[in-house]
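Protein chains: 2
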Amino acid sequence: MTTIQDIADKLGISKSTVSKALNNAPDISKSLQKQILETAVELGYTKLRRYKKPVKKLCVIIQRDNIEYEEPHHFAYDIVMGFRQIAEPAGYEVAVVPVDVNLQREISFDVFMLQHDFSGAFLLGFSLGEPWMKDLQTSRTPAALYDNHIVGNPMTAYVGIDNEEGMYLAISHLKKLGHKKIGYISSALGSYIMQVRHRAFFQAMRSHGLKADSSFAGCSYYLSECMEKHLPRFLDMGMTAIICCQDTFASAAITQCKQLGYRVPDDISIIGFDDIPLSAYTYPPLTTVRQDRIQLGKCGFNALSGLLNGVPLSTVQLHADLIVRQSTGTSRNISGDKSL
Amino acid sequence: MTTIQDIADKLGISKSTVSKALNNAPDISKSLQKQILETAVELGYTKLRRYKKPVKKLCVIIQRDNIEYEEPHHFAYDIVMGFRQIAEPAGYEVAVVPVDVNLQREISFDVFMLQHDFSGAFLLGFSLGEPWMKDLQTSRTPAALYDNHIVGNPMTAYVGIDNEEGMYLAISHLKKLGHKKIGYISSALGSYIMQVRHRAFFQAMRSHGLKADSSFAGCSYYLSECMEKHLPRFLDMGMTAIICCQDTFASAAITQCKQLGYRVPDDISIIGFDDIPLSAYTYPPLTTVRQDRIQLGKCGFNALSGLLNGVPLSTVQLHADLIVRQSTGTSRNISGDKSL
Numbered sequence: 001m002t003t004i005q006d007i008a009d010k011l012g013i014s015k016s017t018v019s020k021a022l023n024n025a026p027d028i029s030k031s032l033q034k035q036i037l038e039t040a041v042e043l044g045y046t047k048l049r050r051y052k053k054p055v056k057k058l059c060v061i062i063q064r065d066n067i068e069y070e071e072p073h074h075f076a077y078d079i080v081m082g083f084r085q086i087a088e089p090a091g092y093e094v095a096v097v098p099v100d101v102n103l104q105r106e107i108s109f110d111v112f113m114l115q116h117d118f119s120g121a122f123l124l125g126f127s128l129g130e131p132w133m134k135d136l137q138t139s140r141t142p143a144a145l146y147d148n149h150i151v152g153n154p155m156t157a158y159v160g161i162d163n164e165e166g167m168y169l170a171i172s173h174l175k176k177l178g179h180k181k182i183g184y185i186s187s188a189l190g191s192y193i194m195q196v197r198h199r200a201f202f203q204a205m206r207s208h209g210l211k212a213d214s215s216f217a218g219c220s221y222y223l224s225e226c227m228e229k230h231l232p233r234f235l236d237m238g239m240t241a242i243i244c245c246q247d248t249f250a251s252a253a254i255t256q257c258k259q260l261g262y263r264v265p266d267d268i269s270i271i272g273f274d275d276i277p278l279s280a281y282t283y284p285p286l287t288t289v290r291q292d293r294i295q296l297g298k299c300g301f302n303a304l305s306g307l308l309n310g311v312p313l314s315t316v317q318l319h320a321d322l323i324v325r326q327s328t329g330t331s332r333n334i335s336g337d338k339s340l
Numbered sequence: 001m002t003t004i005q006d007i008a009d010k011l012g013i014s015k016s017t018v019s020k021a022l023n024n025a026p027d028i029s030k031s032l033q034k035q036i037l038e039t040a041v042e043l044g045y046t047k048l049r050r051y052k053k054p055v056k057k058l059c060v061i062i063q064r065d066n067i068e069y070e071e072p073h074h075f076a077y078d079i080v081m082g083f084r085q086i087a088e089p090a091g092y093e094v095a096v097v098p099v100d101v102n103l104q105r106e107i108s109f110d111v112f113m114l115q116h117d118f119s120g121a122f123l124l125g126f127s128l129g130e131p132w133m134k135d136l137q138t139s140r141t142p143a144a145l146y147d148n149h150i151v152g153n154p155m156t157a158y159v160g161i162d163n164e165e166g167m168y169l170a171i172s173h174l175k176k177l178g179h180k181k182i183g184y185i186s187s188a189l190g191s192y193i194m195q196v197r198h199r200a201f202f203q204a205m206r207s208h209g210l211k212a213d214s215s216f217a218g219c220s221y222y223l224s225e226c227m228e229k230h231l232p233r234f235l236d237m238g239m240t241a242i243i244c245c246q247d248t249f250a251s252a253a254i255t256q257c258k259q260l261g262y263r264v265p266d267d268i269s270i271i272g273f274d275d276i277p278l279s280a281y282t283y284p285p286l287t288t289v290r291q292d293r294i295q296l297g298k299c300g301f302n303a304l305s306g307l308l309n310g311v312p313l314s315t316v317q318l319h320a321d322l323i324v325r326q327s328t329g330t331s332r333n334i335s336g337d338k339s340l
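Those protein sequences? They're chains A and B, same order as listed. Going by my numbering, the residue at position 30 of the first sequence is 30; the numbering climbs one at a time, nothing skipped. Going by my numbering, the residue at position 128 of the second sequence is 128; the numbering climbs one at a time, nothing skipped.
Keep in mind that a hint or two might mislead.
Any copy will do: because identical chains look the same in the list, a pair fits if it lies in one copy or spans two.
[Unchecked claim] As a list, the in silico DSS-like pairs of lysine-lysine whose alpha-carbon atoms are at most 25 Å apart:
(1) LYS134 x LYS176
(2) LYS175 x LYS134
(3) LYS47 x LYS20
(4) LYS211 x LYS229
Think of the hints as simulated: they come from the structure by calculation, not from any bench. Note that the structure is a prediction, hence the values are computed from the model and not measured.
This is chain A alone, in the form it adopts within the complex (with noise of 0.2 Å):
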């Protein structure tokens, strides 16, 4: 196991110098503190063994520029509050940290969990491209990850919800109302989970013998370029059904429409993802695919603590749900032509 000492020697300096750095003494230059840091992350230093009854600090990092957390209505909200519920009774500290990227570009993963002596962080609202993603590639300090997957690294694992069930049942209420022709509008393919949840409507509508090629799905960065662009491409084309990648994309979607002369849901239904507290206040209430996040913030912990035990989870799923509302209905082929 290394040891201050093992520091100290690599470095060329005294162990004091190595302690200050661990300890974030004020006495101690930026730079220098940083260069002990990412030693002792490279010789696997861990703080745990230092204390005889470690009270275990745990964090929730948040991607601030991605994801909100601060209010109720706010979607990781109760995701945090899930996590701290039975995180904080099993005897750990939580702390919430927003992050940006200008951090991540400062300091690894690793070397932040070990300055601030976090044993464990549940990281919620990463894209792909965000610098931590790739140290997460190699970090050793155990990590469960909202909607991100992380293929060999035994020290992370994935939790969210079963995405490929959600499009399955939400595709399975379509057609059963008599829709074919369904689109799929998306936010860019820049998130893990905005990757996942494109393929599996591709695939729920190959299981359920449904015709899809690529023009069946729109996507795009711009909200605005998926309302006046795809959405209307979707009307031309004959479609009577929409999912729609997120709540707000699907709240969007029937104000287009209705802005576009066609009923919500009698001539065109929509459905959307996450069932965030706005979907039961859009007129018509949204039909959407739930994400329990309290249920998912008691996932991160469970995934978390396994990984602080030893378990090498990768992968902690929770059902998905439809929420059926009033922004989908029988088909207008079916209802129009009553021979169908």
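The hints should help you fit chain B onto chain A, whose structure is shown.
Same frame as chain A, now just chain B:
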């Protein structure tokens, strides 16, 4: 909540007759008991509340025609042990129940569970076409399934290793050794997990930029057909490495390659799946994707425990691990032609 009276009313019989059926009394006909139990299941009756201090009984149900568990070198032995290792200290009674297709035809899964007072089950070794696999699509008794994934039933959870990751690691390993033409040998695709590995093979080849059309896989219910038809075909196609769906196939492939005058790994590399105890004792010892069976058993209990406590777990997967032994080596295309 359904009572014994409800069941009696529905069938127009006395409460005491219902009670006899539920308690496996000897003085009631088999056919009447079956009818009563089926009605109880239909009405959603559960025995749990009858006890003030219930000793909850769980079972590990093993499809004995597909999977062995009685002796330490059998595949499922450690899975059952892992399950017991945490279920019993947690206060559960665990019964191991071997079943076959005939029993599944006689009695539905929920009725079986009610009849025997089992609160939940961990099921091992079921193929896709078996009667209980159909029951499990709508069953209401918590059930964790090793290597089977039921879409849309929140009372079931899938437990297994991350096979996509396993296949990815296997192909990464081979690619680093210079292999480009890699074949996949599989038993018939009649089980969920064989389908998953088959799909994962093509996915992993693609994500490594390697060519693989359908001729790169050879599947048969008969080991002999794999060895006598597909394996020679692969060798004729100039393949330098073969991944097998499970270790028994890989072990046979090593022998067959030698019979056909090929050296393992000098001429051809072989990789298996599972890391059964035999794998260390093939000649040469087998490189294989490991399933940690003790951990799988523990995950089985954890998943089931989640379901029993209202956590709608869908999937719990463990990281796969590539165990590199001597059946894989540098591709002869590299070692033979240094100019490549």
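**OP:** Using 25 Å as the alpha carbon limit, work out where LYS134 and LYS176 are close: within a copy, between copies, both or neither.
**Re:** between (43 Å within a copy, 20 Å between copies)
Original post:
Given a CA cutoff of 25 Å, do LYS175 and LYS134 count as a within-copy pair, a between-copy pair, both, or neither?
Top reply: Answer is between: at 21 Å across copies they meet the 25 Å cutoff, but 40 Å inside does not.
Original post:
Is it within, between, both or neither when you check LYS211 against LYS229 at 25 Å Cα-Cα?
Top reply: within (21 Å within a copy, 36 Å between copies)
Original post:
Are the CA atoms of LYS47 and LYS20 at most 25 Å apart within a copy, between copies, both, or neither?
Top reply: Within one copy, since 13 Å is at most 25 Å while 61 Å is not.
This entry satisfies every hint, going by the numbered hints stated previously.
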